[in-house]
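> Please build the complex by placing chain B on the supplied structure of chain A, with the hints as guidance.
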Amino acid sequence: MIETNETREIKVEKSRRPGLTVDLSRLDLPARQGFRYSNLFIVGAVLFVIWYSANGSKVSIEPFFDAGNQKQAAHFIEGLFPPDFSPEFLSTVWRLTVETFQISVAGTVFAILFGFPLGLLAMRQRGEETSRRAVGTGAWLGRTSLYYLARTILNLARAVPELIWALIAVVFVGLGPFAGVVALTIHSAGILGKLYAEIFEAVDQRLVETVRGSGATELQTLLFARIPLTLPVLISYTMFRWECNMRAATVLGFVAAGGLGTELRFSMSTFNYPRITTLVLALIILVTLVDLGGQFLRKRILDTPETVACRPQPASLVKKAALARLPEPPEDN
Amino acid sequence: MASVVRTQAVRKVYPNGGVGLDDLSVEIQAGELVGVLGASGAGKTTFFRLLNGTLRPTEGKLTVLDKELDGRLGASNLRQLRSQIALVNQHHNVIGPLSVLQNVLIGRLGRVGFWPALTGLFKVSASDLQKATESLALVGLTDKLYDRADDLSGGQQQRVAIARAIIQNPALLLADEPIASVDRRNATLILEIFQRLNAELGVTVIMNLHQLDFALHYCPRILVLKAGRLAYDGTPAGLADFNIYDEDEEKIELESGAFQPVRSMLDD
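Those protein sequences? They're chains A and B, same order as listed.
Numbered by the working numbering, the letters in the first sequence go through residues 118 to 450 in order.
Numbered by the working numbering, the letters in the second sequence go through residues 507 to 774 in order.
Because the hints were derived from the structure by calculation, they are not lab data.
Beta carbons are placed, not taken as given, at the ideal position from N, Cα and C, and that holds for glycine.
So, partial list: chain B residues that the calculated Cβ filter (under 7 Å) puts toward chain A: (1) G559; (2) T560; (3) R562; (4) R585; (5) S589; (6) H598; (7) P603; (8) L604; (9) I612; (10) G613.
So here's chain B without its partners, still in its complex pose:
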């Protein structure tokens, strides 16, 4: 299994007619660490939601971990595929009323049946507790083990999602803006965990970043999306003279210097 993600001329049109992705052909090999850049609305999240089967391509062929995500992929195949794909989002990472421990154990749901899941809500087995605590130790949250997840800050919730991803032992990690709402110190911590998962466990990592400097530093390969199309695919070095953001955005010009133009804010 060399290629983890292969898209061939994938096009995604939403029911309201909006085009999320257009003519996207890209191949990502096992063990890669890829950063996806692009302005808001460029199709980054659409790309991620296609990769874990939440959305289906309107046209084209999409293969993830040797499974083709099309009409014929049944529920059990989808489940098997998803048990190998971990998700970390910017928001919506945790189920608030559940404890941090239970949230981490959600990462194992793809591999357990209904009854173990049900009993696990009330009594966590010693081995599950051990694994969950180890995962939480990696993100420095063991002291919050029994706290309600919605008592945690946004950044901590994101780290819970990372612990959940670790316990899932995935082949592919999809991180949608994993550091968008955390400070630089936590951002570094999170990206270093991803780097370790990638280097030591061979997890393929695809992450979607807004912070150009982090992307250039951590991602050996960078994809840039512009208005749903692949605009750049290569090393960070090649990005030097590349305008990531859509020219359309520059239509919004502010005449005086009271507000910085949008582009320079994003480039910061």
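Same shape as in the complex, but just chain A:
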């Protein structure tokens, strides 16, 4: 689309401020892009998509006021109380809560282990030194195909939801919590890999060039520039993913991949409403505890003056060097 309607906004006139007059007519001022009618079309298209989606998914307020629905809901809510706090059920809930926690931790750790290297490969290389001309066609083709391969794997892992991965995993590793771990690992690796790649790409390129400039390899640049500069964000996003995995680990039980969900689904299909209340309460407590734990860890990391550990060295050595004002320049090494 060719758009040529540019507007000149800066009027050539004398400034009202006394003592400062600039003759703008002698300058070649850049022109600003004017109004585009194509934008109006885009706004119209977005509005249409919103209307189309609401219409297609039958959005309406009426079902909430339907007499039949209201009666059913009242029956359901009444049934939820009192919760089932019998000792034997509570011990089952405790066991399943711990299992949910374990699935989420294992799934997140493996997701980091797979997602991190994939994220590095899926990171867009910037700078002329990484161009095809600078590295040679062979090396460039290799790097580019790894980039697209990693992107494809991450997209695939991310596009399929955890629940579907769990259904597939159950076929491969059988029923139980391990299927849940596999499902969480695959889906979260897809999400974390993409996040890591984008976080690392967003690091100030001039700082990357400063570290590269001393002859650092790309991996050393990762250690000394990309990771230290993004560590709080990396940890924050990873912790957030863990919280998501906690919730996901519950739902995975619906397809018999372990955790609270297995019992939740069983109680629902047997209309045992008091047990549902207990299970949901356990879930709320679990997610709250994880959230509190996450806040504590984040605070520790963000408030620490040095984000990367640097242990102070023996003071005597430092003092000795500091006392020697302007020592001899370092020898060749």
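Relative to chain A, chain B alone:
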């Protein structure tokens, strides 16, 4: 190895069509101390970024430390070349969350492998600590050894970069506006360190300055760039009647005396 930098008709065109450098032919010998002058946008930074391989020439031949910076220079050659070239910038000198010590040790990354670099982030060896402390003593920052680098002022960060350059033990030092954001006392200190590195260790120094008086005092050889082209190459004495800044800038005239014309501000 007599010539450290040799450019033959180097031209650099950016992807957006802007010409950074045009028809630049210059040769710099080992052990020289060269000042590069020119108005903003004259191509000084482009020149520096070409010299350390961050940018590649669009046309012409560029040789740095006997290595030709062209398409065939592989990653390991580039690394080897860069380990001999130290950089000091005006900004973007330090990795903020790392300690001053770790920032100084970045200067040695070109000479160590991945694992020593990784372990060095957590435990610095005694010899590395010794070398880093000596370098920091030269710039008077030993008391900041374990401080976070982003707690330092801009001028101090620049001195950290100089300590990093010293520990790197380079053959060539590229300083892009090393004294642009420091006071005169620190500027003198920095330039004297460069002078010592040049005189005592034979490091070739190329620096890019805005302050004409400093350049005239410290640089035996001066290059002037104007709109990407080499406009002057010679001794400071020859610069006396030379207009460093582009005539184009004088288009901006302010009619009254409330603001000084741009040229006289820069000449100050």
